[in-house]
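Just add 17 to wherever you are in the sequence shown, counting from 1, and you've got the numbering used here.
Just to be clear, a hint being listed does not mean it is correct.
Here are the simulated lysine-lysine pairs, PhoX-like style, with alpha carbons at most 20 Å apart [stated by the list, open to error]:
no., residue 1, residue 2
1, 58, 141
2, 242, 58
3, 141, 179
4, 242, 37
5, 250, 41
6, 41, 242
7, 179, 37
Hints listed in this document are in silico derivations from the structure and should not be mistaken for laboratory results.
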Amino acid sequence: MARPKSQTLFHFTPKLDYLKSILKDGFHPRYCLEDMSWSGKNLSNAFPMVCFCDIPLGRVDLHVQQYGNYGIGMSRSWAVRNRLNPVIYLSETSMLGDSFQSLNSETLGVNNETMSETRRQFLKIARNIKPLTGSMRVKGVITNNIDFYQESEWRYLPDHEKISFFMSAAKWNKAGSVEEANNITFEYCLLGFNADDIRYLFVERDGDIPDLIDFMQSSGSGLGKRFSGDDMKILQTRIVSLESLAQDL
18 MARPKSQTLF HFTPKLDYLK SILKDGFHPR YCLEDMSWSG KNLSNAFPMV CFCDIPLGRV
78 DLHVQQYGNY GIGMSRSWAV RNRLNPVIYL SETSMLGDSF QSLNSETLGV NNETMSETRR
138 QFLKIARNIK PLTGSMRVKG VITNNIDFYQ ESEWRYLPDH EKISFFMSAA KWNKAGSVEE
198 ANNITFEYCL LGFNADDIRY LFVERDGDIP DLIDFMQSSG SGLGKRFSGD DMKILQTRIV
258 SLESLAQDL
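Let the hints inform the model, and build the full structure from the sequences given.
Rendered as structure tokens:
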């Protein structure tokens, strides 16, 4: 019987160079603008995050169309160990949504120290919430009515005193603001892993495999400082071409 969920968490990206950067540095949290209309207000805020999904491998073809043809699969035990969590999906008529709206109103605009911490704790929950359906920018174009629930999303949401907890939509859209904020998360909030946490390395075509192996074997890649020689050999066996995989799914 096929599993409804994978035991692996997948993260996809549009370029091979981005996959190489993940192997070299770890996962870099970036500020992503999130639709927060579930709060009862026409509101968007940006939070630093890295997103994953635990959809079955047989469904990755639809996922890569939106997020890119290069990716990495991590063990669920790694995700739990690093405090990742599945997002909470809210429907427009959800009673849970009503509760979140009430909490949002009660914690908004209170200035004393105790309640400001309460507000912060509420926002920690809020950044894990996503509507069942909504709009998303895909390859520079806004796509509507996306069924987010099908993504089975997990998130890494760093919390560090050196980074901004969130950014308003106005600040997120201001030239240079996101780049500056992302540089700070790169300095303080990279999400690391060991070689045995990696289950898959995805490339778009068979022809990408030699390029990735050459990078892994290159002294200039810096991977030799992170992984042992045996680790590198095992990682090379994790490489899968989506081009070849599509023929078997």
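Each hint tested on the structure:
1. For the hint pairing residue 58 with residue 141, the CA-to-CA distance comes to about 18 Å; that is within 20 Å, so the pair holds.
2. The hinted pair formed by residue 242 and residue 58 fails the criterion: a straight-line CA distance of about 48 Å is larger than 20 Å.
3. Proposed proximity of residue 141 and residue 179 is supported: the alpha carbons are some 16 Å apart, at most 20 Å.
4. Distance restraint check for residue 242 and residue 37: the Cα-Cα separation of roughly 15 Å lies within the 20 Å cut-off, and the hinted pair is therefore satisfied.
5. Among the hinted pairs, residue 250 with residue 41 is consistent with the structure: their alpha-carbon atoms are about 16 Å apart, no more than 20 Å.
6. At roughly 9 Å between alpha-carbon atoms, residue 41 and residue 242 fall within 20 Å of each other, so this suggested pair holds.
7. Distance hint between residue 179 and residue 37 is unfulfilled; the C-alpha atoms sit about 26 Å from each other, more than 20 Å.
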